[in-house]
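S.K.: Sequence:
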Amino acid sequence: MNRISEARLDLIHPRLAEIIRQQLAILQAEWFLSRGENLEIRICQGLRSWPEQASLYAKGRTMPGEPCRHAGAPRPVGTCPVHRLGLIVTRCQPGYSWHQFGLAVDEVPDDPTLAGFQCDWNLAHPAWQRMKAVGESLGLVHGSEFRTFPDWPHFQLTGRFGVNPDDEVRQLFRDGGMQAVWEEARIE
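In my numbering, the protein residues as written are 34 to 221.
None of these hints come from the bench; they were simulated from the model.
Computed from a prediction, not measured in an experiment: that's the story for all the values here.
C-beta atoms are modelled at their ideal positions from N, C-alpha and C, and glycine is treated no differently.
Where hints are given, some of them may not hold.
[Claimed, not checked] Derived Cβ-Cβ restraints for the label pairs, each shown as a range:
no.: 1; residue 1: Pro-114; residue 2: Glu-221; range: 49 to 57 Å
no.: 2; residue 1: Arg-219; residue 2: Pro-159; range: 20 to 28 Å
no.: 3; residue 1: Leu-156; residue 2: Met-96; range: 32 to 40 Å
no.: 4; residue 1: Met-96; residue 2: Pro-159; range: 28 to 36 Å
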């Protein structure tokens, strides 16, 4: 794992970071044994500030989002009558993402056919299914299970809390910060 990914793991709940490191070690060992090559996976998001979440939430709503595709053809932002500002990036407003509480990460595999590290967003890449399976086997919730907005890079560990942060979590954060949320989550 590269130093940026390690730095991102240093900012999240220690148990989640430990499980992610374990997941990546399993994936890399499996990949090398079956294919004889290394698999590089990066943590592209960890802890996210409230302003960062607000900025992501604005993409596709009030700020340019991601380009859309119709009938296989990419449509640059601003050229599609359906998605005038591009695609929405997240449905989570500030306070409604586990990233803001250090209980979620996003990870993505490398596309080895390109020079340097390039995120492989093609869900047909075999690493995506293994990432999901190994993460879930270690007790993580995978974002592909989200009913209304599947999020394939996303993994979370929320202890006694549900899939989304609720009013109790936000109040804990206001009163005692992230440490209060972590303690009340009771993650073992």
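S.K.: Against this structure, judge whether each hint is valid.
M.R.: Evaluated hints:
no. : hint                          : verdict
1   : Pro-114 - Glu-221: 49 to 57 Å : 51 Å, holds
2   : Arg-219 - Pro-159: 20 to 28 Å : 35 Å, violated
3   : Leu-156 - Met-96: 32 to 40 Å  : 25 Å, violated
4   : Met-96 - Pro-159: 28 to 36 Å  : 34 Å, holds
The structure does not agree with the numbered hints 2 and 3 stated previously, though it agrees with the rest.
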